[in-house]
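Heads up, the sequence shown is in our numbering, so the first residue is 1 and it goes up one at a time.
Keep in mind that the hints were calculated from the coordinates and are not lab data. There's no promise every hint is true.
[Stated by the list, open to error] Each pair of labels, with its calculated beta carbon distance range:
no.: 1; residue 1: Gln-40; residue 2: Thr-140; range: 20 to 28 Å
no.: 2; residue 1: His-27; residue 2: Phe-61; range: 38 to 46 Å
no.: 3; residue 1: Lys-178; residue 2: Ala-42; range: 24 to 32 Å
In this text, a Cβ means the ideal position worked out from N, Cα and C, and glycines have one as well.
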Amino acid sequence: MMPRILSRHIIHTTPWLRLIEKVVELHPGKNDESFYCITQPAYVSVMTQLEDGKIALVNQFRPCVEEYTWEFPGGTVDQGESPAEAAKREVEEETGLIVRELIYLGKHHPDTGRLQIDSHSFFARAAVAGNTAQAEQGLTVKHVTVENLNRMILSGEFKTQLHLGVYAVVLLRGIVLKGS
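Required output: the full structure, derived from the provided sequences and hints.
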């Protein structure tokens, strides 16, 4: 028998997330258990390749882990916006690049034990915009070869699990990366 959600209670709300308690009947006749999950708006992650074959990365300070991290462009889907629209917007806002081709890789869940978030993954080919120096404030943008991205992954310099998953799906889908 499938476990049943008996109730949902919002414990705490912020502008970015909600903490929800879910009371679950895992086994009939046994004690119910409380589980806690964080919900957030849908999110997009975009592995972006430029015409020269390099991959666009952004570096920013992440207070949760108290360090700077290298990542693919990404962010939340605004209300009334499709994930594809959000992907194009985030790439342009964070890197100054204009997406010319966007491939949807799928909807994924970054952590099914604690997070109730739909994460939409994309691969994009982008053209350099007029001024890539106008990246979002607080971000550093770097264009790396596929070989250098692989080195960054193996050394632990590029380590956001969600974005490692995006890269894995790109490879498993057989998307041809220029320069690899």
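Range hint 24 to 32 Å (beta carbons of Lys-178 and Ala-42) holds or violated: holds, 29 Å
Verdict for Gln-40, Thr-140 (Cβ pair) under range 20 to 28 Å: This hint holds: roughly 25 Å between Cβ atoms.
Outcome of range test on Cβ distance (His-27, Phe-61; 38 to 46 Å): With a Cβ separation near 44 Å, His-27 and Phe-61 satisfy 38 to 46 Å, so the hint holds.
Of the hints listed earlier, there is not a single one the structure fails to meet.
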